[in-house]
Amino acid sequence: MNNFFARKYIIQGVLICATLLMVGKLFYIQIIDDSYILSANNNVLRKVVVYPARGIILDRNGKVLVQNEPVYDILVTPREVENIDTALFTELIGIDNEGFEKRMDKARNYSPYQASIFEKQLSAENYAKLQEHLYKFRGFYVQNRTVRNYPDSIAAQLLGYIQEVNQKDIERSNNFYRAGDYIGATGIERSYEEMLRGNRGVQNIMVDALNRPKGSFMDGKFDTLALSGDELISSLDKDLQKFSETLLENKMGSIVAIEPSSGEVLTMVSSPGYDPNLMVGRERGNNYAKLLENPFNPMFIRPIQASYPPGSIFKVISALTAQEAGVIEADTRFSCGGGYRYGRGGRAIMRCTHVHGSIDLIQSIKTSCNTYYGHIYHRMIDSRQMPGHKAYDLWKESLHKFGLGKKLGIDLPGEMAGFIPSSDYYTKLYGNNKWSSSFNISLSIGQGELGITPLQMANFSAIIANRGFYYRPHLVKGIGNKRKVKSEYTEKINAGVAAKYYEPVIEGMYKAVNEPGGTANAIRIAGLEMTGKTGTSQNPHGENHAVFIGFAPKENPKIAIAVFVENAGYGGVWAAPIGSMIMEKYLTDTVSLPQYIQDRIYEADLLPENKKEDDTNSIAQKPNPNKKNNSRKNKHRLAYHNLAVGKNEQSQEE
Amino acid sequence: MNNRRKNRFLNNLDWLTISIWFTLCIIGWFNIRAAVYDPAHPSLFNIHTNYGKQAVYILSAAVLGIFILIIDARFFISVSPFAYLITTLLLILVLVVGRSVGGNQAWIPLGSFRLQPAEFSKFATCLLLAYYMSEQSNRSAPALRKLIIASAIILFPVALIMLQPDAGSALTYSALIFVLYREGYVGTPLLAFGGLAIVLFILALLINQWVLIGILALIGGLIFSFGQKRKRNIIQLITIFVVSALYVLSVDFAYDELLQSHQRNRIDVLLGKIDDPQGEGYNLNQSKIAIGSGQLFGKGYLQGTQTKFKFVPEQSTDFIFCTIGEEWGFIGSVILIALYITLLLRLIHLAERQRIAFARIYGYGVFSILFFHFFINIGMTIGIVPVIGIPLPFISYGGSALWSFTILLFIFLKFDSTRKGLND
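The listed protein sequences derive, respectively, from chains A and B. Going by the working numbering, 105 is the number at position 105 of the first sequence; the sequence numbering is gapless. Going by the working numbering, 310 is the number at position 310 of the second sequence; the sequence numbering is gapless.
Don't take every hint at face value.
[Claimed, not checked] Over the 10 Å line for every Cβ pair with chain B, so calculated as not near, a few chain A residues:
no.: 1; residue: ARG7
no.: 2; residue: THR19
no.: 3; residue: PHE27
no.: 4; residue: THR246
no.: 5; residue: GLU515
no.: 6; residue: ALA604
[As the list claims (entries may be wrong)] Only pairs whose alpha carbons sit at most 20 Å apart, straight line, appear in this in silico EDC-like list of lysine to aspartate or glutamate:
no.: 7; chain 1: A; residue 1: LYS396; chain 2: A; residue 2: ASP382
no.: 8; chain 1: A; residue 1: LYS63; chain 2: A; residue 2: ASP589
no.: 9; chain 1: A; residue 1: LYS25; chain 2: B; residue 2: ASP268
no.: 10; chain 1: A; residue 1: LYS120; chain 2: A; residue 2: GLU164
no.: 11; chain 1: A; residue 1: LYS8; chain 2: B; residue 2: ASP268
no.: 12; chain 1: A; residue 1: LYS136; chain 2: A; residue 2: GLU125
no.: 13; chain 1: A; residue 1: LYS396; chain 2: A; residue 2: GLU449
no.: 14; chain 1: A; residue 1: LYS106; chain 2: A; residue 2: GLU80
no.: 15; chain 1: A; residue 1: LYS63; chain 2: A; residue 2: ASP239
no.: 16; chain 1: B; residue 1: LYS310; chain 2: A; residue 2: GLU80
no.: 17; chain 1: A; residue 1: LYS558; chain 2: A; residue 2: GLU507
no.: 18; chain 1: A; residue 1: LYS242; chain 2: A; residue 2: GLU609
no.: 19; chain 1: A; residue 1: LYS8; chain 2: B; residue 2: GLU352
no.: 20; chain 1: B; residue 1: LYS310; chain 2: A; residue 2: ASP208
no.: 21; chain 1: A; residue 1: LYS390; chain 2: A; residue 2: GLU449
No wet-lab data here; the hints were simulated from the structure. By construction, the Cβ of each residue, glycine as well, lies at the ideal position given by its N, Cα and C atoms.
With the rest of the complex left out, here is chain B:
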């Protein structure tokens, strides 16, 4: 009987996701070795090297994963508020006792290990968000109130992280808009506006704002002249136009006043407004050189000169994709991206098949966080988004990140494996 139960448990696990998780971990491990390769310590397991340490992190993450899989799924629902509370306390604690690394006070030193509360806060926030939203899904509270509370759950840790300040980690939470969207808290137009807002933001930085407003007016006029149902649309069109125009006018102010100078510089570099490959643009330039020089097939494992000789900074953590791009080329890069896409699409599929709202919402939370990291991290190394220092899930060197991503993913896998036994 025990055997049968165990078999059913193993059969219910989504092995595709687990395989991808494992594959990504191994890819990360090998590429961290390539990134920090030291011919004096060639062993993959030398504990004094980053790849040796990463091996330990991967093993402990696996143990953590197994541990999560054998806990009762309901435990995670009930523990959600406490997890959120504890990580919130840690986020406050880090502001007090944290060690500053690279200008960010983000780490709590624990012996030789450094804990990064912002990483763990991600899954705690997802849990509480799922907890709150699933509670609301059967009630008919006013939509606006629900949206405000859900937003508050997201923005509270964001505020604390901004105090460190760690804009990269804080931005991650913006991805949770997909969760709100999926659950109907925000509508499609708002999502579209979100996208539009980003486009307008970039355009406003590149083009003179008055010219841009003129162009918007022209587009509005064209839509008006060729559209149907003119009278109904004119109010909407004018509203959209006025809001856009005000937004465009405020971009310069926001850009100059709200962003820090290094953040502005990163955006300017990306938009080509600064051409300074030795200074502000150094990271991005070297990163593109490393990836670009990989060409179709790459230079081969441990043959990447740009990463091996430290031209790319932060290459085992935030810029790990450079090593992959350089040594495995376009083919390797596309395979890696395909792995992520498979994982992310699989997560949507798994989320949609959940029978309880909590699991579905949490599933979308996992998707959002991983998607954001995946897109922003690779995007910044190849120059389609500004440089934002966040890790590539399961691949970048670092225990906190690997553990938090693993916990995030495996809690969801646990829900998925027991979905037939759970009901609202």
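Looking at chain A on its own, in the form it has when it is part of the complex:
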């Protein structure tokens, strides 16, 4: 021992201080500061999404409308790719060498260490070829997903399509969706997205510092299973839908058939349509662009988005609202001398097709007498002890109750309300409110400024079938295992006209089909208690549009229908036979209309010639989706404009 013995205490002191410093810091980072445990989990935990199968869609009889088909995404981790036979690889998945390099660059830009999508949606056949060789391509992986498949290629616009979510979708969903997810973009796929999409599962896997998977975290304790989407039972009848679509081939137009007792849409055709399978798979982008360029606008859902003056089918509504208003009764007679004279001193005439003589309500519907409805409308507007514009508003209100001029609320996105002008519209048009029925007499026969969608036409056909009420038309009759229906589709809505007023109207519609001299007598089917009303919607640009509404059987109706064929001509010639064939097909599964009529329908090509020319030069059309909306709006404005022009030139009705 020497003199400096005491110095050992200083040295021990330094040691103790250093130790306390270490323990203090350890205490801080291990016990007090919780951020490290978070960082540690962020380091190792990767949440891998397990995609659920989207719910399938069946028709009302349980037949498949939309199913899922497995496809295979190829993923690549660029760092792991070594010495692969590029030539073989590109051949197997059907890309060229340049495409290979482009995809590799993209993947490298994303991350050399993390797997990213190399090629999307390889078909099962393609994958089968690749699978045998996959072991030769280190760094490439396959992840399977499902895409939609449409076995019958029908009802494209109704079923809609799905597409990858965009940034807006993600924001709107509060980050429910992640990049790469699919979302229903249109149609039922969009309306019922929340039921169809199912729930994603999450697998917690651990990765190492190079992001290589190292097995499941805590033996999968926090993993969740993917839950498939709900099955949807559509109200559509697949066979009927297919049949109806065939009938409208090479024609522009709509067919809507509704089961009146439930509001379920049995068939809904928008022609020209497209094959829904085009919107699936690797060619989707190209197909989509082509569809946008198509001058016939196959993405346009005519039954709910196009509106037209309904033509003579509107007379049934005029007859009903007039009875309810008390301006006529079933046996009220007017004299038809070949037209309805109006204006100062009767200088103007709204011509009728025939000279009907003294005619009652039933006959007026059976023969579609314009004169009769000129008188009715005159009484509705001019003889109700109130100014004409007020009477008009009352009348307009009664039209709304029939579901006209407003959205019916079908479970399809993009429905349009149609158009019924307000009294202000005419007041503005004529400069003052002193106008009378003579100013817009064409409304009485469904021409003029009216804009009615084919769905609304089918719906009021259903109202007549039901003698006064309807259910909101809808396309889905059951969701999931419990077969639930949205509550808004089980609510019975009254159309505002007492049941007793329907009988003469229905009688007229029955006779129009079943009695000689009826406008639709050509479509009579023996033994089928069918009713109907034909119409012709004025088209100042070409051939008129053919319209037909009807239901069958007369008592306890099972189907109510509206058929609208653009540029076809007379309703009785083009629309009524189609309506008849569909109703008979649905009720008895046969079609007994004379073969020559059937052939005429099948063989007719009623697509406008000028647009066909456009089709060959379709590059001139703008595929820009933003433009699409505009053009749609323009189309409407144009339609109204045209109708206004046609105002004074009253139509000849059948």
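Go by the hints and put chain B onto chain A.
The following block gives chain B in isolation, referenced to the frame of chain A:
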């Protein structure tokens, strides 16, 4: 008679130290397994894995230890100059034939094994230092001359190691100041100045140097106004102030010119001047995440995700403490630190009870080296000292380190066991 001698020899051994040594070795072995765990080779003894190799190193270190314990203690005194000479030659040799690993030319390849001369130089330096200082303890040579020679003994291998360059190993020798201090070669004020110098160095990097000098002047003024014996102290105070001020002014220069950029970066990261968890700060950040996520009880053996999945670099060697912190938590870490503290305090106790100066001085040498490694290694993983790549004694993976620490410790244990038979 043989039996009695053997018993006395075994009784004289300091079994506490040996138990701690053994415990630390085993802890190291298990945690190296956790750090490099490969489910394909789960056996603790697989020779192709690092923990398998470590088992071999531990066994051979034990054999080496036993071998040391049966050699006559006087042999180590007489062999001191030769050991120093040989390790010095090896340090020169490594500069010529050494293999460069990670930028440092520190290893001499011997077949499949790599020898790291800097590790062995530590105990050789301690031996020669003890040899020289014990020679001087009974002579009255001028203090300054003794200090210069002792310093030269320490700084010569430091210079050679700096040439590799291996700043971490070189810094280890700075711990030998405790030996000089204990033997009276440097005084308490100098030790305090040493501490002060470190504090000032850090402050100078963090605070504007002129502001810092102002603060120092203020402190000096306060001490002057409230202190006793003003006149005697004023000269001292002014001297201290001027030296401190010059020192502060030179820190920036030294920092920019004398340190290499990666060393500067490590210090900047530690001081929070660089916030770059993916780049410069990656090691420290990942290391803190691993240890911090261990929390109170740790994640359990082989359950540490951060170390198992290689987020922490160098985890079986320099960053082995991450594995311990992550898998055994605060409790495990404190137990490990307690083991070291027990060992280090025990070493001081043993050193002080030596009857010959050589053994005492050498004992302090052992203490200094182990203390430095212990504090710097754990300190760097939790962010209280800059990242300096030196192993954690007896725990980090590596044969050279384990053997040199074992030789260092066991030579001292040999002296201790025969202390009653040795006299100056």
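Cross-check of the supplied hints:
no.	hint	result
1	ARG7	violated, 5 Å
2	THR19	violated, 5 Å
3	PHE27	violated, 7 Å
4	THR246	holds, 61 Å
5	GLU515	holds, 86 Å
6	ALA604	holds, 70 Å
7	A/LYS396 to A/ASP382	holds, 14 Å
8	A/LYS63 to A/ASP589	holds, 17 Å
9	A/LYS25 to B/ASP268	holds, 19 Å
10	A/LYS120 to A/GLU164	holds, 12 Å
11	A/LYS8 to B/ASP268	violated, 34 Å
12	A/LYS136 to A/GLU125	holds, 19 Å
13	A/LYS396 to A/GLU449	holds, 13 Å
14	A/LYS106 to A/GLU80	holds, 15 Å
15	A/LYS63 to A/ASP239	holds, 9 Å
16	B/LYS310 to A/GLU80	holds, 18 Å
17	A/LYS558 to A/GLU507	holds, 17 Å
18	A/LYS242 to A/GLU609	violated, 26 Å
19	A/LYS8 to B/GLU352	holds, 8 Å
20	B/LYS310 to A/ASP208	holds, 6 Å
21	A/LYS390 to A/GLU449	holds, 18 Å
When each numbered hint is compared with the structure, violations occur for hints 1, 2, 3, 11, 18.
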